[in-house]
Amino acid sequence: MSSTTAARSTEVTVELRVNGRTYPARLDSTTTLLDALRDELHLTGTKKGCDQGACGACTVLRDGKRIVSCLTLAAQCDGSEITTIEGLADDGVPHPVQEAFVRHDALQCGYCTAGQVMSAVALLREGRAHTDDEIREFMSGNLCRCAAYPNIVAAIREVADS
Amino acid sequence: MTTTLTKQSLLGRPIDRIDGRRKVAGAAPYPSDFDLPGQAHAALVSSTIANGRITRIDRSAAEAAPGVLLVLTRDNAPAVADPPMSNLGSTMRWYFRDDRILHYGQHIGIVVAGTRAQAQAAARLVEVEYAAEEPVLDLDDPRATIEENPYGLDSSRGDAAAALDAADVTVDSTYTIGAEINSPMGLFTTVASWQGGRLVVHDTTQFPSMVRASLAAMFGVPERDVRVLIPFLGGGFGAGLRLWSHTVLTTMAARELDRPVKLVLTRPQMFSSTGHRAASRQRMRLGATQDGRLVAIDHDAVAANGIGDMLPAPIEMGTPMAYACDNVATHERRAHLNIAFTGFMRAPGSVELHFALESALDELAGKLGIDPVELRLRNYAEVHPESGKPWSSKALRECLTVGADRFGWSGRDPSPRSTRDGDLLVGQGMAEASFDFYAQPCTVRLSVDRGGNALVRTGATDIGTGTYTITAQLTADLLGIEVDQVRVELGDTDLPPAPQSGGSGLAGALGAAVKDAAAALGERLARLDGRPGETIASLLDRHGLDELSATGHSDLPAAAATTDLAVAGPFAATFAEVGVDEELGVVRVRRLVSVIDGGRLYNEKTARSQIIGGTVMGIGAALLEEAAYDPHTGRVANGTFGDYLMAVNADVPDLDITFVGGPDAFNPVGTKGLGEIGIVAVAPAIANAVHHATGRRIRDLPITLDKLL
Ligand code: FES
Ligand code: FES
Chain A
1 MSSTTAARST EVTVELRVNG RTYPARLDST TTLLDALRDE LHLTGTKKGC
51 DQGACGACTV LRDGKRIVSC LTLAAQCDGS EITTIEGLAD DGVPHPVQEA
101 FVRHDALQCG YCTAGQVMSA VALLREGRAH TDDEIREFMS GNLCRCAAYP
151 NIVAAIREVA DS
Chain V
1 MTTTLTKQSL LGRPIDRIDG RRKVAGAAPY PSDFDLPGQA HAALVSSTIA
51 NGRITRIDRS AAEAAPGVLL VLTRDNAPAV ADPPMSNLGS TMRWYFRDDR
101 ILHYGQHIGI VVAGTRAQAQ AAARLVEVEY AAEEPVLDLD DPRATIEENP
151 YGLDSSRGDA AAALDAADVT VDSTYTIGAE INSPMGLFTT VASWQGGRLV
201 VHDTTQFPSM VRASLAAMFG VPERDVRVLI PFLGGGFGAG LRLWSHTVLT
251 TMAARELDRP VKLVLTRPQM FSSTGHRAAS RQRMRLGATQ DGRLVAIDHD
301 AVAANGIGDM LPAPIEMGTP MAYACDNVAT HERRAHLNIA FTGFMRAPGS
351 VELHFALESA LDELAGKLGI DPVELRLRNY AEVHPESGKP WSSKALRECL
401 TVGADRFGWS GRDPSPRSTR DGDLLVGQGM AEASFDFYAQ PCTVRLSVDR
451 GGNALVRTGA TDIGTGTYTI TAQLTADLLG IEVDQVRVEL GDTDLPPAPQ
501 SGGSGLAGAL GAAVKDAAAA LGERLARLDG RPGETIASLL DRHGLDELSA
551 TGHSDLPAAA ATTDLAVAGP FAATFAEVGV DEELGVVRVR RLVSVIDGGR
601 LYNEKTARSQ IIGGTVMGIG AALLEEAAYD PHTGRVANGT FGDYLMAVNA
651 DVPDLDITFV GGPDAFNPVG TKGLGEIGIV AVAPAIANAV HHATGRRIRD
701 LPITLDKLL
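Heads up: the sequence lines are chains A and V, in that order.
1 is the number of the first residue of the first sequence in UniProt numbering; add one for each residue after it.
1 is the number of the first residue of the second sequence in UniProt numbering; add one for each residue after it.
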């Protein structure tokens, strides 16, 4: 069921660098990055939708690249720079993707939104948002049961074009 | 009051969702985001068989595991009373009342430990022995207990049997739909704490007042001593309309331990713990004259139900109202199976009915050689077919004509297999939809303060539909202030009582209550002798008042019982174009046009989002979604997000959504609910388009490639 199995585990010391801050932590070696972020660092903006790598709700950036944090062990992130939804705003000013999501109503319940926004930021950084089809394809790892999909595409396109 | 009519109406304007900023910042708190001081963590023990009895449970290994604080099973759990019936006609069957196993994944116990990992590890150490029997999983299984007319949906007008016999042309077809799982993205969570005899629960629910009443009854405390909090939920689509056993177990564990306990369901547990759309089979018989007048509709439906469970699947409810037809009969049956308890899922009953009815009408149109849009217009119910009363609003004709226009329907060659695009067969199909009016009473408290700001408080939830936003928008409109001067508090049963977010009933009831509150407040303000053009702020200031409050109430069901109007819900028409690769059997929706009569819109932007959401879920229902049961264990074999297919971004075609119609004459604000209507006509429109493309009539959802090859 859960990715944190009871199989022989050991405690490890890791230094997590998240949103520019350093958090020293003693964790079970099997702790996922997602659980470490939410339970240890109390950064609950990143969501758990499946814990199995299948929905994208837990997407964060590791060294600028998007990863699903539920399939990443926290211990593997020692020395990496992690960016979560809480770290996107610049001095309190929301990231353009966040603004565009609000304007285009690219969210409903908002549960998948952190993951969608982080994926969108990664997509834009990689310069892969040339066409709507490209955006749709790249964003298809992020489930949205409310199906804000067309508005997500419109929001990303707007940022890509600006 | 002089202040209200000075501005142009805010209603309908596509303003941004007022909670959008918090949501994109990851700052909106969902139940799983709450942690309480001293909290322990829980994990569930679930059955691995679907039918039989528990013969022995051994808790000892789990109890001895590291960090474990409590293991509760039926052997050591305290007794609880039965929960009351909700206004939706459902109640929860308490699993611990006996030793029976009714479905796979049934909760057998709850394990509480210091950490989640410890609780989950220990849950696997609870040993359960069963006397297992073969599960009954199929609607056609002769061992299934069939209940006739359990919820009173059998009905008859005229003489359908005789009219079918005498009809010029008939259709007699059977349609099946597999079980679909609501699958909101938010994992259902309960965080329960007893604070000096008072229970406070953060619980994923669309129906906080029902959870409060249920827990109060089960644990024997007054309702005022139970507080349910749910400011944000990660979607529901109906999954949050029942009390589920994990909520009770977590509450019980918190009481036993006298400390807060938190339980977050896993995704596989969501597939068997929070309801689903029951599998169904419908026989639809239509009789018509040669010129396409419907003379008979006979609708017989059987839907699955959990064993020992009570929950209506209102498939037959809308049949008598759909078309002008003198002879209509409906027959309701439920088959009790070893499946997880069913629930409500977006447009429950209406989705099933319209798949059958609108597919059958397409078959009839083909037999008669009449255009499918024209056939629907010929049988248009100008007045309510049962009561003969005029509708409070009905712009379904515009839905059909505007939709046909926008889609370019008139250029369609009606013969199947007539259009190709490269290797693809292209087909176009349409369907119409209605969703019955539903509402429950609602109360709000409205306050204005000297700063000119307003506060609206009610115990409703915003499940993503935009309740916060439209409440603020309506309040601002009524008070003549800006939307950002209105604060809205929801999701707390200590606030004035509100109904569930469900049945497309909340927005209408809440809006009517807000309007009532604003009128009451207006009267109080009028007594303060406002000067022309004076703002509320200056009026209060002049009288040395800090704030002024009023309570507003709506009881739309009572009003509906006495009105001379037939109270209408929303209407829709959907037109779809598909491309079918015959070699591979793959269907893709290429474009889709939906035209919606939702009455007066509160907010064009959030309204559109509701329709988009319903439409995309409808595409999933048409082509992808189905829970597959393992025949031996009764397990949902595809019960993960990797295996249960739902529409993703790349599955969404070009969508064209238009709203038509004016304010509803019954609702005080003129609105009709929009949460469900968007899904209803999508699957039949797609199925009809697949028939047009291929000549193959698929009467079984989802339309997967094996059915086309
Ligand atoms: S929670 Fe990580 S992909 Fe679903
Ligand atoms: S906004 Fe609800 S799941 Fe995406």
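Since the hints were made in silico from the structure, they are not lab data.
Values in this document were obtained by computation on a predicted structure and should not be read as measured data.
Heads up, some of the hints might be wrong.
To be verified - Chain V is faced by these chain A residues, among others (derived, beta-carbon under 10 Å):
| id | residue |
| --- | --- |
| 1 | T22 |
| 2 | L41 |
| 3 | C50 |
| 4 | D51 |
| 5 | G53 |
| 6 | I85 |
| 7 | P94 |
| 8 | A129 |
| 9 | F138 |
| 10 | G141 |
Stated by the list, open to error - Below, in silico cross-link-like pairs of lysine to any residue (SDA-like), each with a Cα-Cα straight-line distance of 20 Å or less:
| id | chain 1 | residue 1 | chain 2 | residue 2 |
| --- | --- | --- | --- | --- |
| 11 | V | K605 | A | R26 |
| 12 | A | K65 | A | R125 |
| 13 | V | K605 | A | A154 |
| 14 | V | K389 | V | R198 |
Note that beta-carbon positions come from the ideal geometry of N, C-alpha and C, so glycine has one too.
Status of the hints after comparison with the structure:
1. T22: Because about 20 Å separates T22(A) from the closest Cβ in chain V, which is outside the 10 Å limit, the hint is violated.
2. L41: violated (12 Å)
3. C50: holds (4 Å)
4. D51: This interface hint holds because 6 Å falls under the 10 Å limit.
5. G53: holds (8 Å)
6. I85: holds (4 Å)
7. P94: holds (7 Å)
8. A129: violated (13 Å)
9. F138: At 9 Å from the nearest chain V Cβ, F138(A) passes the 10 Å test, so the hint holds.
10. G141: holds (8 Å)
11. K605(V) / R26(A): violated (46 Å)
12. K65(A) / R125(A): holds (9 Å)
13. K605(V) / A154(A): holds (13 Å)
14. K389(V) / R198(V): violated (49 Å)
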